[in-house]
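As a plain string of letters, each chain reads:
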Amino acid sequence: MIKNLLQGEKKVFMTGNEVIAWAAIAAKADIMYGYPITPQNEIMHYWTRMAPKAGKKFLQTEDELSAGFTTIGGVLAGKRAFTGTAGPGNTLMQEPVSMAEMMRLPMVIVIQQRGGPSTATVIYSQQETNLTCYGGNGEGLRVVYSTATHQDLFDYTIKAFNTAWKYRFPTFVLADGYQAKMRESLTMYDPKDRGIDMVPVEPILGKPGVPGIDRSPTHIRNTYNTEEELYDVIMSIAQDYEKFAPEIIEYDEQNINDAEIIIISHGVVSRAAYGAMLELREQGYKVGYFRPITLRPFPAKQLFNRARQAKMLIVVESALGQLAKLVKDAIYGCATPIENLSKPGVGIISEEIVERVKTLLKGGHFNVS
Amino acid sequence: MSVEPKMPKCWRKESKPHKFCPGCGHGLALKALGMAIDELGIQDKVVFGCDIGCSLLAWDFFDVDIVQTHHGRTTPVITGLKRANPDLIGIAYMGDGGGYAIGSQHLVNAATRNEKITAILVNNTNYGMTGGQMAPTTLPNQKTETSPYGRSIEETGYPTQGPEMVAAIARDEAYAARGTVANMRQLKGFFKKALQNQIDGNGFSFVEVLSTCPTNWRTDAKGTWKYLEEEMTKFFKVGEFKTPAAKGEQS
Ligand SMILES: Cc1ncc(C[n+]2csc(CCOP(=O)(O)OP(=O)(O)O)c2C)c(N)n1
Ligand code: SF4
Numbered sequence: 001m002i003k004n005l006l007q008g009e010k011k012v013f014m015t016g017n018e019v020i021a022w023a024a025i026a027a028k029a030d031i032m033y034g035y036p037i038t039p040q041n042e043i044m045h046y047w048t049r050m051a052p053k054a055g056k057k058f059l060q061t062e063d064e065l066s067a068g069f070t071t072i073g074g075v076l077a078g079k080r081a082f083t084g085t086a087g088p089g090n091t092l093m094q095e096p097v098s099m100a101e102m103m104r105l106p107m108v109i110v111i112q113q114r115g116g117p118s119t120a121t122v123i124y125s126q127q128e129t130n131l132t133c134y135g136g137n138g139e140g141l142r143v144v145y146s147t148a149t150h151q152d153l154f155d156y157t158i159k160a161f162n163t164a165w166k167y168r169f170p171t172f173v174l175a176d177g178y179q180a181k182m183r184e185s186l187t188m189y190d191p192k193d194r195g196i197d198m199v200p201v202e203p204i205l206g207k208p209g210v211p212g213i214d215r216s217p218t219h220i221r222n223t224y225n226t227e228e229e230l231y232d233v234i235m236s237i238a239q240d241y242e243k244f245a246p247e248i249i250e251y252d253e254q255n256i257n258d259a260e261i262i263i264i265s266h267g268v269v270s271r272a273a274y275g276a277m278l279e280l281r282e283q284g285y286k287v288g289y290f291r292p293i294t295l296r297p298f299p300a301k302q303l304f305n306r307a308r309q310a311k312m313l314i315v316v317e318s319a320l321g322q323l324a325k326l327v328k329d330a331i332y333g334c335a336t337p338i339e340n341l342s343k344p345g346v347g348i349i350s351e352e353i354v355e356r357v358k359t360l361l362k363g364g365h366f367n368v369s
Numbered sequence: 370m371s372v373e374p375k376m377p378k379c380w381r382k383e384s385k386p387h388k389f390c391p392g393c394g395h396g397l398a399l400k401a402l403g404m405a406i407d408e409l410g411i412q413d414k415v416v417f418g419c420d421i422g423c424s425l426l427a428w429d430f431f432d433v434d435i436v437q438t439h440h441g442r443t444t445p446v447i448t449g450l451k452r453a454n455p456d457l458i459g460i461a462y463m464g465d466g467g468g469y470a471i472g473s474q475h476l477v478n479a480a481t482r483n484e485k486i487t488a489i490l491v492n493n494t495n496y497g498m499t500g501g502q503m504a505p506t507t508l509p510n511q512k513t514e515t516s517p518y519g520r521s522i523e524e525t526g527y528p529t530q531g532p533e534m535v536a537a538i539a540r541d542e543a544y545a546a547r548g549t550v551a552n553m554r555q556l557k558g559f560f561k562k563a564l565q566n567q568i569d570g571n572g573f574s575f576v577e578v579l580s581t582c583p584t585n586w587r588t589d590a591k592g593t594w595k596y597l598e599e600e601m602t603k604f605f606k607v608g609e610f611k612t613p614a615a616k617g618e619q620s
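Quick note, the sequences are listed as chains P and Y, same order. Those letters in the first sequence? Residues 1 to 369, by my numbering. Those letters in the second sequence? Residues 370 to 620, by my numbering.
In short, the hints are calculated from the structure, not lab data. No experiment lies behind these values; they were computed from the predicted model shown. Where a beta carbon is used, it is the ideal one built from N, C-alpha and C, also for glycine. Among the hints, erroneous ones may be present.
[What the hints assert, rightly or not] Computed list of lysine-lysine pairs in DSSO-like fashion (alpha-carbon distance at most 30 Å, straight line):
| no. | chain 1 | residue 1 | chain 2 | residue 2 |
| --- | --- | --- | --- | --- |
| 1 | P | 166 | Y | 414 |
| 2 | P | 207 | Y | 561 |
| 3 | Y | 561 | Y | 512 |
| 4 | Y | 388 | P | 207 |
| 5 | Y | 388 | P | 57 |
| 6 | P | 53 | Y | 562 |
| 7 | Y | 562 | P | 28 |
[To be verified] Partial selection, computed: residues in chain Y whose CB lies under 8 Å from chain P:
| no. | residue |
| --- | --- |
| 8 | 409 |
| 9 | 436 |
| 10 | 454 |
| 11 | 570 |
| 12 | 584 |
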């Protein structure tokens with residue numbers, strides 16, 4: 001018997017991977033395809049326990065190439081299909097994602113970042129930022145939500161399916177090993193109780209009727225014969241991306257209006273950054289907080305306008321300058337100096353950020369009141 | 370004896386003449402497949418996936434829905450589609466490089482999992498699209514662009530025996546056969562059985578097709594057929610290697 005597993009609002013305390021499995025159920029996802037890799041495994045573990053009860057499916061594939069391409073197959077059949085991976089699996093996943101980018105296929109991918117490069121650690125990092133935003137042999141025409149809390153994991157996993165199917169771009173939920181494994185409280189809900197309609201899905205291939213008789217056949221490809229043909233295809237995808245970006249872009253900013261120093265961070269690190277900002281404010285420093293929630297498309301204009309008013313920016317991340325690169329690209333032309341706190345593959349706590357900001361100020365390179 | 374129709378009903382007229390080289394076996398393989406689809410009356414249910422390789426030229430070949438995928442990845446795309454919607458009839462069409470080299474893990478695992486799809490692999494003993502390099506199916510001593518002095522068995526092993534491998538690893542419900550474009554009636558029969566096996570929900574079905582690539586073989590019409598019928602069949606046995614009907618006998 002198929003059960004509606006999620007009814008009404010529910011306050012829960014669970015790990016992030018469990019949250020994602022529940023969110024996929026809440027989003028009416030139909031099928032998950034996946035290959036084991038830490039720290040993503042428990043998404044599959046929880047999904048495979050719940051899925052049969054909810055009339056949903058799972059396939060364990062032979063690798064992440066297959067996980068990505070079978071997810072594409074699920075999407076072509078008109079189902080909300082998703083996969084989850086991390087680290088070296090994310091590297092392989094970029095091949096199917098590049099096909100989804102070219103063919104506008106609404107696949108959803110959850111990434112639980114682990115240390116890199118190579119096999120590195122199974123624990124945590126923010127080192128898959130570049131890869132997730134710009135991986136593959138293309139232009140990064142995908143949506144990337146960077147989550148910070150378990151509530152985010154729930155909300156943005158649901159949203160990822162809607163964004164993917166509404167705009168037809170591959171959509172990532174970018175989290176990390178900390179979020180995957182730690183327990184935290186959140187409220188789960190049925191989206192329709194909150195007035196969130198799931199964007200309807202439809203078969204891309206295999207619609208009713210005999211092709212060539214009742215309807216035209218659907219023929220989709222990713223190979224083109226001439227430079228001009230390819231140029232037209234890419235430019236039309238890019239134009240759509242530009243057009244939809246303002247509707248998709250999300251960010252958070254706090255205490256920013258009078259900020260002389262802006263701490264910029266994303267994902268779980270933004271929680272430490274937020275704490276540091278409050279602490280520094282208490283001590284009398286005019287510090288603000290800016291967090292891009294979508295890394296693709298990036299809230300470039302929004303950050304630019306804030307950055308020009310400030311005297312110093314500090315980019316904090318568990319990677320060696322990956323977010324910093326996105327920031328520099330976004331605010332090109334803004335003269336405000338950019339400092340960093342970069343700890344590749346290592347967690348960051350608010351005290352470190354407070355200390356770093358104070359050291360920078362003491363160094364006296366900035367004339368901050 | 371009834372006269373075979375010139376062009377299968379499910380062929381898309383607007384995309385003909387097709388884009389393969391003159392004398393290429395792909396067109397014949399797709400003709401046999403078209404006739405099989407017509408005779409089974411499944412045009413409304415088939416989703417055809419083509420690989421990267423010369424098979425990509427079939428991206429608009431039929432009046433059925435078609436997806437062109439990446440090199441070696443057609444098997445997982447069609448697997449994912451079929452898992453998500455078992456009412457569709459999924460065909461994964463690929464070359465020998467796609468199926469036996471870059472995508473071999475997908476073929477092996479689809480076979481062992483008994484995926485209810487039909488995989489068709491065109492064996493032309495080389496990588497056609499990229500200009501005639503050595504493939505897993507290249508014959509011993511055969512000259513290709515990357516084995517200019519002939520394929521060395523010591524260095525690169527024997528030609529892959531695909532249907533034999535599938536027959537060895539797949540469950541009893543699977544179907545595995547090797548046909549040839551030199552025997553269209555038999556090839557069509559193999560395709561029909563392979564598709565019927567999927568329609569019946571039995572399991573994985575696989576047909577390798579011995580085919581021709583005169584462009585890279587650098588053969589004339591006579592040489593092409595001689596190579597297909599005399600050289601290739603020395604290594605590649607035509608016939609059925611696993612039929613679901615044999616289920617009881619094998620147990
Ligand atoms: C990942 C990847 N590697 C390499 C290629 C280049 N490539 C395109 S077609 C092809 C070989 C095709 O040979 P085969 O699969 O035997 O098919 P045929 O052209 O002979 O029909 C290769 C290597 C590619 N497109 N993608
Ligand atoms: S290169 Fe060979 S396989 Fe490709 S279309 Fe020409 S003859 Fe056929």
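To see whether the hints hold, each was checked on the structure:
The straight-line distance between the Cα atoms of residue 166 of chain P and residue 414 of chain Y is roughly 26 Å, inside the 30 Å bound, and the hint therefore holds. Pair hint residue 207 of chain P plus residue 561 of chain Y holds up; C-alpha atoms about 23 Å apart against a cutoff of 30 Å. Restraint check: the Cα-Cα separation between residue 561 of chain Y and residue 512 of chain Y comes to about 35 Å, which exceeds 30 Å; the hinted pair is violated. For a cut-off of 30 Å, the pair hint linking residue 388 of chain Y to residue 207 of chain P stands: about 27 Å separates their Cα positions.
In summary, the hint linking residue 388 of chain Y to residue 57 of chain P is not supported, as the alpha carbons are separated by about 39 Å, beyond the 30 Å threshold. At most 30 Å may separate the alpha-carbon atoms for a hinted pair to count; residue 53 of chain P and residue 562 of chain Y exceed this at roughly 35 Å. For the given pair, residue 562 of chain Y sits about 37 Å from residue 28 of chain P by alpha-carbon distance, which is inconsistent with the 30 Å threshold. The restraint placing residue 409 of chain Y at the interface with chain P is violated, with a minimum CB-CB distance near 13 Å, outside the 8 Å limit.
At about 5 Å, the closest approach between the beta carbon of residue 436 of chain Y and any beta carbon in chain P falls short of 8 Å, and the interface hint on this residue holds. About 4 Å separates the beta-carbon of residue 454 of chain Y from the nearest beta-carbon of chain P, less than 8 Å, and the hint is met. With a least beta-carbon distance of about 16 Å to chain P, the hint placing residue 570 of chain Y at the interface is violated under the 8 Å criterion. Hint status for residue 584 of chain Y: violated, given a least beta-carbon distance of 18 Å to chain P, over 8 Å.
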